[in-house]
Amino acid sequence: MKIGVLALQGAFIEHNKMLARLGVTAVEVRLPQQLAELDGLIIPGGESTTIGKLASAYGLIEPLRQFAAAKPTWGTCAGMIFLAKDIGSQQQPILGSMDITVDRNAFGRQIDSFETDLKIAELGDQPFHAVFIRAPVVTAVETTVDVLARLDDGRIVAVRQRHLLATAFHPELTDDLRLHGYFCGIVKCTLQANR
Amino acid sequence: MATNGQQPTPNATGTDKVKRGLAQMLKGGVIMDVVTPEQAKVAEDAGAAAVMALERVPADIRVQGGVARMSDPDMIEGIIEAVSIPVMAKARIGHFVEAQILEALGVDYIDESEVLTPADEEHHINKWGFSVPFVCGCRNLGEALRRINEGAAMMRTKGEAGTGDVVEAVRHARAVNGEIRRISCMDEDELYTYAKEIRAPYNLVRETASLGRLPVVNFAAGGVATPADAALMMQLGVDGVFVGSGIFKSGNPAQRAKAIVKAVTHFQDAQILADVSRNLGEAMVGINVTPDEVILGKRGW
Numbered sequence: 001m002k003i004g005v006l007a008l009q010g011a012f013i014e015h016n017k018m019l020a021r022l023g024v025t026a027v028e029v030r031l032p033q034q035l036a037e038l039d040g041l042i043i044p045g046g047e048s049t050t051i052g053k054l055a056s057a058y059g060l061i062e063p064l065r066q067f068a069a070a071k072p073t074w075g076t077c078a079g080m081i082f083l084a085k086d087i088g089s090q091q092q093p094i095l096g097s098m099d100i101t102v103d104r105n106a107f108g109r110q111i112d113s114f115e116t117d118l119k120i121a122e123l124g125d126q127p128f129h130a131v132f133i134r135a136p137v138v139t140a141v142e143t144t145v146d147v148l149a150r151l152d153d154g155r156i157v158a159v160r161q162r163h164l165l166a167t168a169f170h171p172e173l174t175d176d177l178r179l180h181g182y183f184c185g186i187v188k189c190t191l192q193a194n195r
Numbered sequence: 001m002a003t004n005g006q007q008p009t010p011n012a013t014g015t016d017k018v019k020r021g022l023a024q025m026l027k028g029g030v031i032m033d034v035v036t037p038e039q040a041k042v043a044e045d046a047g048a049a050a051v052m053a054l055e056r057v058p059a060d061i062r063v064q065g066g067v068a069r070m071s072d073p074d075m076i077e078g079i080i081e082a083v084s085i086p087v088m089a090k091a092r093i094g095h096f097v098e099a100q101i102l103e104a105l106g107v108d109y110i111d112e113s114e115v116l117t118p119a120d121e122e123h124h125i126n127k128w129g130f131s132v133p134f135v136c137g138c139r140n141l142g143e144a145l146r147r148i149n150e151g152a153a154m155m156r157t158k159g160e161a162g163t164g165d166v167v168e169a170v171r172h173a174r175a176v177n178g179e180i181r182r183i184s185c186m187d188e189d190e191l192y193t194y195a196k197e198i199r200a201p202y203n204l205v206r207e208t209a210s211l212g213r214l215p216v217v218n219f220a221a222g223g224v225a226t227p228a229d230a231a232l233m234m235q236l237g238v239d240g241v242f243v244g245s246g247i248f249k250s251g252n253p254a255q256r257a258k259a260i261v262k263a264v265t266h267f268q269d270a271q272i273l274a275d276v277s278r279n280l281g282e283a284m285v286g287i288n289v290t291p292d293e294v295i296l297g298k299r300g301w
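For the protein sequence lines, the chains are A and B, in the order given.
Position 144 of the first sequence, counting from 1, maps to 144 under this note's numbering, and the rest follow consecutively.
Position 151 of the second sequence, counting from 1, maps to 151 under this note's numbering, and the rest follow consecutively.
This list has only true hints and no planted wrong ones.
Quick list of the computed label-pair ranges, beta carbon to beta carbon:
1) A:Asn194 / B:Arg278: 39 to 49 Å
2) A:Ala70 / B:Asn203: 41 to 51 Å
3) A:Glu122 / B:Val167: 50 to 60 Å
4) B:Thr15 / A:Met1: 27 to 37 Å
5) B:Gln268 / A:Met1: 21 to 31 Å
6) B:Met186 / A:Met1: 37 to 47 Å
7) A:Ala193 / B:Thr36: 48 to 58 Å
8) A:Ala70 / B:Gly237: 33 to 43 Å
9) A:Arg162 / B:Glu197: 51 to 61 Å
10) A:Arg21 / B:Glu150: 24 to 34 Å
11) B:Arg182 / A:Lys17: 20 to 30 Å
Worth flagging that the hints you see were computed from the coordinates, not collected in a lab.
Just so it is clear, the structure is predicted and the values come from calculations on it, not from any experiment.
Virtual Cβ for every residue (Gly too), placed ideally from N, Cα, C.
With the rest of the complex left out, here is chain B (with noise of 0.2 Å):
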């Protein structure tokens, strides 16, 4: 084409490749909450493929309560200038005037959070109309694939946020990776039937289908705490990991990020894993995921 003369092709920015493309980029990775520029610093030293700006991690949330929002600007910005790594910030459900604000600051993604209390209880933010990719939470392939329809780029679990109890993000990997086992082996006539009933685009089902697992990146999330919670999400086959309150809510963050880190590496070298769980002092306090809690992950629609 460009042999005829043609003017080449201009730049193109905020397309679906570069935006799915940066959670390419971030496999086999961890991305930890961070609240403080110091504490961005000490996840970079500690080898995080990125960091989640946040005012509050999610443990906090839960006990203080109250209205969780998008983070003061100053404080993104700060954290921004601390590290060279991606630094994503959490817009709360359907609130598109938050997202338009972190757009505008230069994150690198947005992560539509059921962590922060929903702006909007029908509608999601419509996110092909932003160049900045976005991340959602998902518990089941039903989920996760009305979040891409609306042009998510990555997805993660909901998992439990602020708990520290993995079962929910266990729960939440499974759910997906059986139901894309089961649409793997089903016909064009039971893939349109199946659609219907986990109310997802059928076109969408037919692609996942086909690839045998998500069109877009998928990373657990949501009461990681040690390297062997984030090893057996990664070998339950999810792309990567990102810790919560699961890091800095612990007797000696340094040293658990970096475990977690290379956890998530060499998630499928048990010495290696025995290593690194070696003396991380006082994991966070769990709170058991019970009926009576809020459970967050309800949230989204």
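Isolated chain A, as found in the complex (with noise of 0.2 Å):
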């Protein structure tokens, strides 16, 4: 199983990381014909402006819709901005990947930025540590969108939709192997449906 870790800016060191301690091999992706091979695909935080026009530039908006299309991605934070349909007004580049609409920074300034315990029921009773930073939040699913996780206020922070992931938080940033474990479990079922 091979997983790329899109490398054009933000903490994607961190997600190759986390790969590394399940025994999982980790590809940066960084041009079009590193997605050739490729199992899946992790989208990691950073500055979604800048991911998306460095992605346009080196021509990979295509290649990676293809790619969401038909093998599992998941995005974090700046990655959810990148996979989701709809993001307001924002003139960004954006994959459009996921039925979700998705309202960038939507906790303030960074001295909003927050830790909290996230009840993740997928991911069994243990709660789940998670980091916002900068944080977007999904505003609105469509029925095709299972929502995994909500704030104690409601609002939506982690999203699958068959093969995609989208959270809000990074889970990069803790010591909490099971959300890469999850997604590993996705690729894993994708790869044996494909089979």
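Build the complex: two chains, separate frames, hints provided.
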């Protein structure tokens, strides 16, 4: 199993390390040809405008769309924005792969960034410690999308649509491997189904 | 823990993790000095990961002289409103009230910067007392760990701002990374002595030695003017790049800004570096760093 990590800008090394701890080979992706032979892809946190512009400049938008249409792809924070179909009036390149509406910088500025414990039923009873940094939230989902986690106030911060996963927070900044394991599970299932 | 009906942990803001975490999200990116909302838009459109709002770029501070202070709040707010990327601003070394004002304005990161005139020649700001994270400059490992001990959540080389000469940034990056490589093979007895020698707290020296890198993100700054300069710093092992005067003091700022952003992403791909280095127009006029000049990097204690 080979999982790519989009390495245009942001916290891609942290994802590489999490995958390595799970015994999975991580491949850094900066150019379209590097998507070949990958079984899944993680789009990391970073600045979504920067990632979008670099993806456009190197002809990655269409190849990434095709990849996400067929293979498991997980976006964290900026990656969630990049995967969304609707990000309001913001003018920036996005993939539009998931039927979700996302509000950028939904919590305010950096002083409003926070950490909290989340209940994620798919991961069992133990809460997941989630780090939100200038984070987005999902403001609307279509019926094709499953909500995996909400904040106490009900706002949606983790979603899954078939083989696509998006989280507003940063599991790669913690020691908790469960979400990376969960994503690797999606990749494994997809591989088996396509065999 | 939540299974037995306990209250969930309340949201915690201003923690070490969220402060250091924002810097982690800026990695592999370029942070650009801007003096107007229009320049901030140009920087954002070029793919900057963040902007540094200030009244005068270092090259102008160098020429005009006088006391360089925190920027006007109106000007900082104008830039905050103009862009969606993080906005940083500079406070003078030791000027904790300027920092309080910048925090109240909602800036995302404060640079306690030697580029401004120091307000205190012995003490830096106690950065633990703030919710907003701080970035500080360093020339060597001891200086970096002293700043981290005071609460800095991100480091950068000092370089020599406003010169367009990368030599000092290279010196500082090589010093920090060389020292980390040396301590990585020291035993505990040697680490105690080394910590004393470099005037850094032992626990941070030990943590750095075991990590094999600084415990916070470390960018290059001070004198970066070309895509090649930016990629040089990345290959020397920094996590990202600040470009100050280098962009808006050049002939074609938008194009140079885009080129430097691409150079930081593709820092190991010489073919792409060659492509982005073409036809950028005039680079900023460089000032060689010589002993006669004002050396900003010596500010900080």
